[in-house]
Amino acid sequence: MKPVNQKAWFLVLPVFICVAFSAILPLMTVVNYSVQDIISPERRVFVGVEWFASVMRDPELHEALLRQLLFSVAVLLVEIPLGIALALSMPAQGWKSSATLVLISLSLLIPWNVVGTIWQIFGRSDIGLLGAGLKALGVDYNYTGNSLDAWLTVLVMDVWHWTPLVALLGFAGLRSIPDAYYQAARIDGASKFAVFRYIQLPKMRGVLMIAVLLRFMDSFMIYTEPFVLTGGGPGNSTTFLSQYLTQKAVGQFDLGPAAAFSLIYFLIILLLCFILYNWMQALGQSEKEGASHA
Amino acid sequence: MHEDTRFKKRTLFLIAYLIFALLPIYWMVNMSFKSNEEILASFSFFPQHFSLASYKTIFTDESWYSGYINSLIYVGINTVISISVALPAAYAFSRYSFLGDKHVFFWLLTNRMTPPAVFLLPFFQLYTTLGLMDTHIAVAMAHLLFNVPLAVWILEGFMSGIPREIDETAYIDGYSFPRFFATIFLPLIKAGVGVAAFFCFMFSWVELLLARTLTSVNAKPIVAIMTRTVSASGMDWATLAAAGTLTIVPGAIVIWFVRHYIAKGFAMGRV
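The listed protein sequences derive, respectively, from chains A and B.
Under our numbering, think of the first position of the first sequence as 1, with each following residue one higher.
Under our numbering, think of the first position of the second sequence as 1, with each following residue one higher.
So that you can see chain A by itself, here it is in the shape it has in the complex (with noise of 0.2 Å):
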């Protein structure tokens, strides 16, 4: 166990200061809009939950939650594992090293909008290469009439752009295991998947807890990319929660709706995230505890 040391808390001051600086302002003025009804600077209502009561009901809502949980899923199945096999495949040592590393990272680098852009004229069966590249093959695809191809192509720009974050943060972890620990594994004669899986993997249960929880709430919350590839179309098929809180609230210009949206927005991130990081946790706990049987 760790030892007790309420002094500890001096070495978080600077990082709580800096923190509630900036968080606790902002969600007082989300929660103070959230119970009213902004009718002009001036003029305004007290109406209690009724704005959380109406956006909960909102069917069109539903379907975009729904939407969301499923893409954020997809997400989640196909950047971990992926990203993870990336880390392993990595060289760890000479000029290979360097070049994969700085490779890999650029597509993290490009902003958003710029992301969404290139994917929409790279899509393109006239004039992009992979639109015209899956023509050759043969493929009927078009992102912009087919509500599958689009949404397709929202998760392959997602795994493209986000797949190095797992990748270097699983590099970084598997290059902080000690020697040693391999060493051991040898004179025990273990095959490398036993390496895997109870050196390499547990070793890197932090980093990829990083991993997953990141790449879960941010695909949660993805808004350019897929706005500026397909404004949320054909029809609805790539409309996201927080495009569809955008559309609320500067759209509609409701800000009271909107305002409630966004705490409601937060608790399904903070509740899934909670149940996620305990989940993990759980499972390193159980993990350890079978590795001291042993």
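Hints in this document: simulated from the structure, not taken from any laboratory.
Where chain B lies over chain A, by a calculated footprint (3+ residues, C-beta under 8 Å):
#	region
1	260–269
2	272–281
Short derived list, chain A residues pointing at chain B, Cβ under 10 Å:
#	residue
3	V15
4	Y33
5	I110
6	I121
7	A172
Ideal Cβ positions, reconstructed from N, Cα and C, are used throughout, including at glycine.
We have chain A; now place chain B onto it with these hints.
Coordinates of chain B only, in the frame set by chain A:
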């Protein structure tokens, strides 16, 4: 023989992924050397009329290239502050229990769980009141909201991987905390510091909404300036592609500098 085929499979997988990763970027670079007419007219693997016009626009027009400088300034300030406040905090979280530690740790991350649009209006009011609008400090401070929690979480993950015996041995040997932290502990978590610094740089570099709202002229970042390529008269694809290509460069240099920290990782000096 077995080792050999295994190695080849890994390399093939890596090469396949790299091709996938680089194709869209290649297309962007390809577009940046074309004219708008050529981009929209026909499909071609290489620019038929190679042109540097888009780059010339960016490098000669001050309102364009100042964007890169502004972005670099606030991203730099943000990264330095984020890492320096996160290091001691992450150490506290990984080594000690104290009142509310788990709650504060999780609370930090909750600040990344709100759509950034929610912060626009309150931040605008806050920084106007403080008289910091259109300064690099304002953007750097606003970005602390999502970068500090990230840095704390990443660094904590790496620090928890270091056995506590190392700390204890050092204290017995008479090291003071600052000396132990700087000379023994930091080198052990190099990989974590490298990754955390790169991610702080990256998330601050590509953030658009807050940076655009808090600046107007003097500190306007490149991501905001880029949006001017979208106008009523249509898209300026070529300039956007050139600007996008150039936005990759500073980050690529950063990762080049931190690559050794990431790749070397754990060099157990003592124990």
